Structure formats: C-alpha cells, structure tokens
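Next come the chains, spelled out residue by residue.
2 protein chains.
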Amino acid sequence: MREFVFFGGKGGVGKTTVSCAYALKCARAGLDTLVVSTDPAHSTADVFDQEFGDEPRPVEGHDGLSAMEIDPDEEVSEHLMETKRALADQVSPAMVNEIDKQIELAHQTPGAYEAALFDRFIDVMRDSDHDRVVFDTAPTGGALRLLSLPEFLDDWIARLIDKRTESIDLYERAAIGGREARRRIEDDPIIERLRERKEMFEFAGHALRERATFFLVLNPDELSLRETDRALDDLDEYDLSVGGLLINRLTPEPDDGEDGHGARYLRERCANERERVATVHEEFAPPVRGTIETRVAEIKGDLLAEVAAELDIEVATEPTP
Amino acid sequence: MREFVFFGGKGGVGKTTVSCAYALKCARAGLDTLVVSTDPAHSTADVFDQEFGDEPRPVEGHDGLSAMEIDPDEEVSEHLMETKRALADQVSPAMVNEIDKQIELAHQTPGAYEAALFDRFIDVMRDSDHDRVVFDTAPTGGALRLLSLPEFLDDWIARLIDKRTESIDLYERAAIGGREARRRIEDDPIIERLRERKEMFEFAGHALRERATFFLVLNPDELSLRETDRALDDLDEYDLSVGGLLINRLTPEPDDGEDGHGARYLRERCANERERVATVHEEFAPPVRGTIETRVAEIKGDLLAEVAAELDIEVATEPTP
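Protein sequence lines, in the order shown, are assigned to chains X and H. Quick note on numbering: my numbering labels position 214 of the first sequence as 214, and the sequence is numbered without any gaps. Quick note on numbering: my numbering labels position 21 of the second sequence as 1021, and the sequence is numbered without any gaps.
Excised from the complex, chain X in its bound form (with noise of 0.2 angstroms):
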C-alpha cells in the first residue's frame, strides 16, 4: 500500500469508521499511522473518545496511531487572511481595503471550503514524517481541477514577467539619476507567490498521482452508486490510483423463523441492497473490498476492531517511486 491512503464518498456514507478502521489496523501491524479528519459532524473524537486539534497528537491505548482534525471553516479564514497578509506586503497602502475586500468575495465563493481544505491536504503531505497517513475524506472533482493550476499558472507567470519587466523599465528610465536601487524583476514578490503556488499544486500533483490510493465508501443505495461513478470518473480523469471500494451500511438479514410487517420489510430492503452489492460488483472496475452491516451502537472500541477486520485492503508499504 501506497504512503497516502484517501477514503472518499458523500457525507454520511460512513468514511470515519472506515478511515479509522483502517488506520487501526495499521497502526496494529507496527505502522507508524496518522488519520486525518475533516468531519465535524462523526468525527474522531467520538470514535476515540479524545479530542483531538489541529496538530497530530496520540491517540491513548493505541501505540504508533495520531489523529488530527481540520476544522475546514477554520481553514477558510486562515486561508483569508493568509491571503490578506501575503498581498498587503505587495502592494501601496491605498490599494489594501480595496484589495482586502476583493478576496473576502472570492471566499465567501461556494468553492473556497474545498481549496482552503486541499491546500491544507498538501500542507500535511508535505509535512508528514508518518509511515501511513489515512485521510477520512478525498478530494472530489471541484478540489481535483487545482491540479490543473500549473499549466494556467505558468501561462501566466510568463505574461506577468513580460508586463512587469516592461514596467521596471518604464520605472527606472522615470527615476534616472535617483537614488532609487535598481528593481529586479527577480526580486518581485508576486511573482515569487505565484511561482511557490505552482511549486505547491505541482507537488500536490505528483503525490496525489505516485504516492496515494483512493478507495470509496459508499451505501447500497441507488443515490450512492451515482455518486461513487461519478467519483470514478473524476479519479480516472486525474490518473489517480482507485484501491477498491467499501459498500457500508447494509441492513442486516432477519432470522429464518422470524415472520410479521418488521421482518417482511427486511427481508425485502435485504433483497433491494443485494441488488445494488451485485451491480457494484458488475459495473464498476475498482474490487470490492469490504461489506459492512449497519450496527445500531456507535462503532467504537471492540467494534471498530470488528470493522477492521472486515477491511480487505492490505497494509504493508509499498516503496515510493
């Protein structure tokens, strides 16, 4: 298995148990594993009774396993001012507020949740020192379209040179004889963020492409198939690696005896999801690689040890091209 291992699917398909399922079962093969959690709503804290931040921390009574948490609005208004911060440096003072309020439209933008959650995925690749990195959530197609960013960024840091080269020059020839020290266009500090930009979404790029394996959690539901398709085709787009799939949630079967309206409305949801189970097995490329059965308690503890070992993805690395 890869170093970066992503879960992904629509909220509520159950991605934390399976994240932290997996991350158990590595953590337990003597991996050195981190999870990364960016659910507030069934979060790791709950799984593991422990809160967790924004930083890795141990989890306690499971050696070599970390979990952090990004809160994604929390990252939004880092993102915000970060971007506040980087161009009040650049630019005359008068052009600030105008400045400042163009970028709070642009992240009140519905997409900016998804880019200020994916650079914060870079950030932790980047950063990590793990064996094993488990992320509870992937990437979906809006987030995947940065990694497109490169080629539209050197297209036009190239312009921005050929523009802001003719202006040093207009500059220096309206200065002659100041004392003004000569500007270098390599020096401008714009073009250096644009530059560490294209840096970060080509490192994204190749770590996301060599380094990580997406698998898919979804339910046996019609809805959910739709958008485990979709997802595919949205990973096959980026050539990113598909490990397999996780069908979550299905009803669980009535005893044989067992006869009234509660039992006929199993057995009939039972023989519905078996259909799905069947055409995920039929239409979709990617193997299965888990059928987990709805508990009714929390999954935690000995039953989040129980999911683990329904999970049929390997752990043992792989090494890194």
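Just so you know, the hints here were simulated from the structure itself, not pulled from any lab data. Please note: incorrect hints may appear among the correct ones.
Claimed, not checked - A few chain H positions that, by computed beta-carbon distances, are all more than 10 angstroms from chain X:
1. Met1001
2. Gly1011
3. Asp1071
4. Ile1161
5. Glu1202
6. Phe1203
7. Asp1233
8. Gly1244
9. Glu1253
10. Gly1262
11. Ile1313
12. Ala1316
Claimed, not checked - BS3-like cross-link-like pairs, simulated, lysine-lysine; straight-line CA separation at most 30 angstroms:
13. Lys84/X / Lys1163/H
14. Lys163/X / Lys1163/H
15. Lys1101/H / Lys163/X
Since the structure is predicted, the reported quantities are computational estimates derived from the model, not experimental observations. Here a beta-carbon is modelled for each residue, glycine too, at the ideal position from N, C-alpha and C.
Following the hints, position chain H against chain X.
Chain H in isolation, oriented as in the chain X frame:
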C-alpha cells in the same frame, strides 16, 4: 402559501419525492402548479414515468401539473458560453482568447455549479405565470451569498463609471477633430451588463424574501440533523421565510409479537430515530410538517398520493406583497 416553494436538504434525504407529492397536492386543489427538478438521481421522470426537459411540460394524467428538469452540468456549459459571448462583444479581438481562458478557469471552480443553477432559478421565477412553483432543492450557503452581490456591484459599478468616464474623456481629447462619434458612458456595454446582473440579483433577493417559502427535508440521523441546523442558520442569515421541516425515511416498527434478530434490530433503530425526532421537535424552531415512513417500493402513483396526504403543508395561495 406563497407563490414559490423550495424544498431544501442534503442529497438523498428525499427532496424530490416530497416536492412531487406537494406539487400534486397543489394541482389537485386547483392551482396551476409547476415542479422544477434539478436532481439527476431521483428524478421527476421516475416519479411520473414520463420524460421532462428544460421547459415546463404538462404531466400526463395530472390536470394543472407541469414539470421541468434542469440539468446543472448543462447550465454550467451554457453559462460559460453566454459569458464568453457577452464579453466577446465588448473587448478587442486580441483580448478574446485571453478572456476565454480566464472564464473557463472560473467555471472550473467548485462553486460554478451552484451559481449557474441559481441563475436558472431566477429565470424560472421571473418567467413564471403559474400559481405555484415548487423547487426540489433550495440554494445553499454558497449560492445564497450571491444575494449580497448587489451591494458589492453597486460599489464596483460606481468605480467603473469613474474610470471609464475618465478614459472616454482622454480618448476624445486624443481624437479631437476626428470623425469618431462621441462615446457615451450610458451606452457602455460592460457597465450595462453589470447593471443587468445587479438588477437580476435584486429581483432574486426580493422574490426569495417576499414571495418564497422554504421547507427543509431531513432524515432521522445525526448528520442530517446537523446539516439542517446549518441550513436553518443560512436561511436565517438571509432573512428567508422557513415554513417547516419534513422528516423522511422513518424505519417502520415491527409487529408487537415479532421477535428475533431482525425485530430487535428494528426496535433499537426505531428507538434511536424517535429520539432524533424528539430532538427536532425540541431544538428546531420551525414546526415539523410531516413524518414519512420509509417505503421499500419506489414512491410513485398511488404511493405518491399517500405521501401527499401525509404532508401537513397548506396549499391555498396568499396575496403577494
């Protein structure tokens, strides 16, 4: 009830079913009703066994009921084309290529989908001559933020007018004696377009605040309750009127005499769900306007009329302000 009725909630909670059931109820009460679906998964085509397109079409077998389906992907492409066309008319040919690239990039951001859909909703509301229009989804946080666009645009338009007045002035001084007709700021196509957009969002703000009611559909699970809480905050922030909540997909109780693995599972599950329903009644301000039990069969035909009867949502129109 107001003219426009939106059923919001996360994917998979059953918005299309509830919307179609309510639309049926309105049509049967003699209102000329349109149901607008945007959900490619569980579509009105399945509910009514008939294909619908981008324009309202009568639903066979149901007097006074029409339906249309908006394909959000298509909306994004159309929006892209239209933006390109509008700008191509307004800038020099040399800039068209550059601008096309920027527009494409903007349409690849995660929020483009929501924004394009919101534009289309505004069109539908503007063109409507129905007594009641029922939408099977509601704009969420990201799209609702567009309601604050008019203020931003006001500022932006004022600045642009300044800049362009200045540039027209310079242009005319340079062209003194030429045959060029006098350029007038009133005819400026870019400012014209900004004004159109501003008016459109002003209309949207008014229509959503004064002529629309929002309902939220949820399921009796933690994640859905949390999402509903967030959605209510959003609606509240933009002063939108919430008519109530619909709790969908309640697990049916087994018969009294039933025993066994299946019955025990169902009883525990029902007990859990009852707790969630109680929480909704206690902690959410809007009234619960229906609790709908899960059916194994697809909800259509007689079953749809059955669900319609379970909705405690009024039908009669109220005068629009």
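Comparing the hints with the structure gives:
With 10 angstroms as the threshold on Cβ separation, the claim that Met1001/H sits away from chain X holds: the shortest Cβ distance comes to roughly 29 angstroms. Distance check for Gly1011/H against chain X: the nearest CB is about 6 angstroms away, which does not clear 10 angstroms, and the non-interface claim fails. Listed as a non-interface residue, Asp1071/H keeps its Cβ farther than 10 angstroms from every Cβ of chain X; the least gap is roughly 14 angstroms. Every Cβ of chain X is farther than 10 angstroms from the Cβ of Ile1161/H; the closest lies at roughly 16 angstroms, confirming the non-interface assignment.
Residue-level check passed: Glu1202/H sits 17 angstroms from the nearest beta carbon of chain X, beyond 10 angstroms. Once the 10 angstroms rule is applied to beta carbons, Phe1203/H is consistent with being away from chain X; the minimum gap is 20 angstroms. With a cut of 10 angstroms on Cβ distances, Asp1233/H stays outside the contact zone with chain X, its closest approach being about 12 angstroms. Against chain X, the non-interface label of Gly1244/H holds: every CB pair exceeds 10 angstroms, the least being about 23 angstroms.
Some Cβ of chain X comes within 10 angstroms of the Cβ of Glu1253/H; the nearest lies about 7 angstroms off, and the non-interface call is violated. For Gly1262/H, the shortest C-beta to C-beta distance to chain X comes to about 2 angstroms, within the 10 angstroms cut-off, and the non-interface label is violated. Distance check on Ile1313/H: its Cβ is at least 24 angstroms (rounded) from any Cβ of chain X, clearing the 10 angstroms threshold; non-interface status holds. The beta carbon of Ala1316/H is kept farther than 10 angstroms from every beta carbon of chain X, the shortest such distance being approximately 34 angstroms.
Of the supplied pair hints, the one linking Lys84/X and Lys1163/H holds, its CA atoms being roughly 25 angstroms apart against a limit of 30 angstroms. This hinted pair checks out: Lys163/X and Lys1163/H have alpha carbons roughly 21 angstroms apart, not beyond 30 angstroms. Annotation: proposed proximity of Lys1101/H to Lys163/X holds, straight-line Cα distance about 18 angstroms (limit 30 angstroms).
The structure shown violates the earlier hints numbered 2, 9 and 10.
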